[in-house]
Amino acid sequence: MNFLEERIQRDGIVKEGNVLKVDTFLNHQMDIGLFRQMGEEWKRRFAGTPINKILTIEASGIGIACIASEYFDVPVVFAKKSKSVNLDGGMYVAEVESFTHKCKNQVIVSKKFLGPEDRVLIIDDFLANGYALQGMISIVSQAGATVAGIGIAIEKGFQPGGRTIRNLGYHLESLAIVEDMDAETGKIWFQEQNENAG
20 MNFLEERIQR DGIVKEGNVL KVDTFLNHQM DIGLFRQMGE EWKRRFAGTP
70 INKILTIEAS GIGIACIASE YFDVPVVFAK KSKSVNLDGG MYVAEVESFT
120 HKCKNQVIVS KKFLGPEDRV LIIDDFLANG YALQGMISIV SQAGATVAGI
170 GIAIEKGFQP GGRTIRNLGY HLESLAIVED MDAETGKIWF QEQNENAG
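In our numbering, the protein residues as written are 20 to 217.
These are calculated hints, taken from the structure and not from any lab test. In this text the structure is predicted, and so the values were computed from the model without any measurement. All residues carry an ideal CB built from backbone N, CA and C; glycine is no exception. It is possible that some hints are incorrect.
What follows is a list of derived Cβ distance ranges for each label pair [to be verified]: (1) Glu116 / Ala202: 15 to 25 angstroms; (2) Lys123 / Thr165: 21 to 31 angstroms; (3) Val112 / Asp199: 29 to 39 angstroms; (4) Asp199 / Glu136: 38 to 48 angstroms.
Work out the full structure, taking the sequences as your base and the hints as a guide.
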């Protein structure tokens, strides 16, 4: 069991409807030491892959992506979920559906921050059905850039997102893959990964 699986096992809370609550360390209160371990692990897993930009989506991916960027020494771009007055010029836009919030959002990235020369590592906190990820892949594609890799903190292996993304041929590295979970007992099972992680 790797460092992230151990933390999920200790502090994660399983709720009805396949919801895994990790707000004490990942997506409300943030454990920066844990984020550093995650960044270091992604750097190891993507060693030798040319990456010059990290892309994430607001809000929960931003902290993780920023700490990870220290290991890759590249800037972080985050897709915004709403258009604001200080967004100007051309935009890349994709529609994404949130598993957690049960709603659809348009995500937006300014054209000045992504272009054909970019080799992008996409980072996010969760992968369930893969809609947010497909939206970010669409934005990279609209920019003519390359998805060099995808780093996910927690993948729900019992939902189709990971399988869909891997079947499309992307290099996807999830640090913890939850195989199953039981809201009644609070038990969480992890998928054995071939990668010798953590």
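Evaluation of the provided hints:
{"no.": "1", "hint": "Glu116 / Ala202: 15 to 25 angstroms", "verdict": "holds (23 angstroms)"}
{"no.": "2", "hint": "Lys123 / Thr165: 21 to 31 angstroms", "verdict": "holds (27 angstroms)"}
{"no.": "3", "hint": "Val112 / Asp199: 29 to 39 angstroms", "verdict": "holds (36 angstroms)"}
{"no.": "4", "hint": "Asp199 / Glu136: 38 to 48 angstroms", "verdict": "holds (42 angstroms)"}
Every hint, counting from the list given before, is met by this structure.
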